[in-house]
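These protein sequence lines are chains A and B, in that order.
So for the first sequence, this note's numbering puts the first residue at 651; every next one is plus one.
So for the second sequence, this note's numbering puts the first residue at -9; every next one is plus one.
Calculated directly from the structure, the hints in this document are not laboratory data.
Some clues are possibly wrong.
Which residues of chain B face chain A? A few of them, derived with a C-beta cut under 7 Å, are [stated by the list, open to error]:
{"#": "1", "residue": "Thr132"}
{"#": "2", "residue": "Asn135"}
{"#": "3", "residue": "Phe139"}
{"#": "4", "residue": "Phe199"}
{"#": "5", "residue": "Ala208"}
{"#": "6", "residue": "Ala219"}
{"#": "7", "residue": "Gly220"}
Ideal placement from N, C-alpha and C gives every residue a C-beta, glycine not left out.
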Amino acid sequence: MTLERTPILELRNISKSYGSVQALTDVSFKAYAGEVIGLVGDNGAGKSTLIKTISGVHHADQGDLLVDGVVRHWKSPHDSMANGIETLYQDSGLAPDLTIGSNIFLGREIRRSGVAGRLGFLDQKSMERRALDELEKVGISVPPSKRTVSQLSGGQRQAVAIGRAVMWAKHVIVLDEPTNHLGARQSLEVLKVIQSARDAGLCVLFISHTLPHVLEVTDRIIVLRLGRVVRDSPTTDYSVESLLGTITGLNT
Amino acid sequence: MSVTTQESTGEAPGQVPQPSLAGDRLRAIAGNQLTILLLVLVALVVFFSFKNPIFYSSAEISNITIDFSGLVLLAIAETFVIVSGGIDLSVGSTVAISGVVGAEMMIHFQAHMGLALDLLLGTFVCLIVGTIVGAVNAILITVVNLVPFVATLVTYSAGFGLALVLSSGGDVGNNQNAIVWSASGWWIFTWLDIIVLVGSVLLCVGLHFTRYGRFTFAIGSNAFAARAAGINVKRHIASVYILAGALAGLTGMFFYIRIGAGSPNTGTDANLQAIACVVIGGVALTGGSGNAIGTLLGCAILTVVADGLIFINVPPTWKDVVVGAIIAVAAGLQAIRTTGFRSRQ
């Protein structure tokens, strides 16, 4: 790199507390397009709070969030989505009683054409069909089905959730524990989806407790401990042992 | 989801091995729930007609349709609220207070404006009063963060109380013209029935086929997911309670027209009846799933039973026991279904 690239996502001195609990302190990092960043830390390290700040579920008390070099303030998750950031939340990203198509298009429903559409009538057929097409494009195939998400297997459900994040993201995908509850083969497929998203020029924030997955798929790993960034280095600088040590604080 | 969705899942595409066959079977039952309800309704009508042929007369059917109309808007309102994951205990008291206030206003303007303008004024006032009660619920729930049960318990109690205070405990007004008009109509339906039925069907369509309805289901299914998908959850929930209040207000006007007065005693057991329709109709009280057609059928079953029992000389005191039994059976079926679905996290 001869020229300094503009990071697609940058956090500057983000701090956040819940009452007397300081969840995040002075968190800063830069993330670039076409990069997979691992975000790791023990329980309570602030990962979830950080994700929710990036996606607009929570608001930071202090600090700036920049997308493509421009300072942004999210009023709600809607704003972050409108700026190309998609987030997969751990376990709770889908509405279990809705179909795959309805979930994929939740908040972005396709309406019928003409007067019916203006009255808010939905084009359910198009949504179901396009959902499968778009999922296929990002490497996820689910059987065509009008069943609700609650009737899918855990792996299929997770695949739908990841697919939704990847297909709508323009800049950044935040994946919170995407391989949780998944078997080895399904996890590999998720990692493959992550890699193809990177190859497509997206920036992926990958949050996981499964350190081998993190070491395998990421380009850089940021370690959080007690709400602070304690290390931010290329993945090649870590081994499982040194990563574990940094997370727990036993070797610094 | 829509009826067609549920029915068509029976023949799942065979090319891909699909897990959760138990889910499919249960879903088939869920799809059939509407069929079961319809069969139960037909069986009830046949039973009562067999026991007393007069039951199958246009006069009695008119009685049933008018009772149905007095309940169905509340049941639909409750369906929207319950699908969104809440509950509204205040629809009955909203009927009372809006009827009383509507009647007071009509007297206040001593409307020798003719029946039509009179009723238009009353309808408008009832709509406003219902909307206000709904807005109070909405504020208590989305701003004060009370759980819906408590918030609507507040307006339930205060609503009936205010209705009694404003009416001094008695009926307000004596509008014979309204009563006469309420009996006019077409075939076995009064004009009131027709208006209410058309409105109900439109609301059912709205719940199942529009973006507004989709948001309602999504929020009831997983409010966090809905918010994360960019839906303004608080605003939507507020709008659902306001809609419920408005429908209860219109029901208040419905009863004013039928009895020619605003009575603080209308709607006293309407809350539980409306919720009963929803439960019988198979709408999940946990929110996120159900079918408004089920509510319509539940409402029909409830009114047919209530009127039919009188017809076969069962003492009216037994009515509530029978209704209770029906709710128990319907809710039992529902419990079996949701336990089957517990594969969700």
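Results of checking the hints against the structure:
1. Thr132: violated, 14 Å
2. Asn135: violated, 16 Å
3. Phe139: Violated - the Cβ of phenylalanine 139 of chain B stays beyond 7 Å from chain A, reaching only about 21 Å at its closest.
4. Phe199: holds, 5 Å
5. Ala208: This hint holds: alanine 208 of chain B lies near chain A, its Cβ roughly 5 Å from the closest one there, short of 7 Å.
6. Ala219: holds, 4 Å
7. Gly220: holds, 4 Å
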